[in-house]
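*Asks:* Sequence:
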Amino acid sequence: MHRPPEPDTHDPSAPRDDALDDREPAASATLIEITVARTGGIAGRTRTWSVTARGDGTAQWITLIEQCPWDAEADTPARGADRFVWTVDAIEDERARSAEIDDGDLAGAWRELIDAVRDADDEAPALPQPPTSGGEAPSAPTEQ
1 MHRPPEPDTH DPSAPRDDAL DDREPAASAT LIEITVARTG GIAGRTRTWS VTARGDGTAQ
61 WITLIEQCPW DAEADTPARG ADRFVWTVDA IEDERARSAE IDDGDLAGAW RELIDAVRDA
121 DDEAPALPQP PTSGGEAPSA PTEQ
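All residue numbers for the sequence shown refer to the working numbering, where the first residue is 1 and numbers rise by one.
Since the hints were derived computationally from the structure, they do not count as laboratory data. Do not rely on the hints blindly, as some may be mistaken.
Pairwise CB distance ranges, derived in the manner of DEER restraints [claimed, not checked]: (1) Gly104 - Arg54: 30 to 38 Å; (2) Ile62 - Thr87: 17 to 25 Å; (3) Leu31 - Arg83: 32 to 40 Å.
Cβ atoms here follow ideal geometry from the backbone N, Cα and C, with glycine treated the same way.
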């Protein structure tokens, strides 16, 4: 049995489910996941940063993602040893995008997106420390 295709939720002319009542627009349920990986350098190690946002926190990420030239070819070939290569993976609901950027091409929208992801990941709360060998968890510092 053939079913008609589902309406495209990204098509602005498609009817909106929320047009009939006061519910939040469907965009507020959007899920954004962005992962940035940097490989290369002298040690050849990979460093990864990531951010996940849902609801009201997605607008800035959507703007940053949409400003990037996902389909553009690299302007300059990577030159020299020990250069970094950046891999950016962005998922907006069901739409996935991926790009590999040489260090020499890391400017403009790419730089803004990568810096924002790195900053957001660095601001994430630290993981709890494992218990000490005495079996007790270390106490949190107190102010006096």
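*Asks:* Each hint needs a verdict: does it hold in this structure or not?
*Replies:* Hints, verified against the model:
1. Gly104 - Arg54: 30 to 38 Å: holds, 34 Å
2. Ile62 - Thr87: 17 to 25 Å: Taking Cβ atoms as reference, Ile62 and Thr87 lie about 20 Å apart, which means the hint holds.
3. Leu31 - Arg83: 32 to 40 Å: Holds - the Cβ-Cβ distance for Leu31 and Arg83, about 33 Å, lies within 32 to 40 Å.
In the structure shown, no violation is registered for any of the earlier numbered hints.
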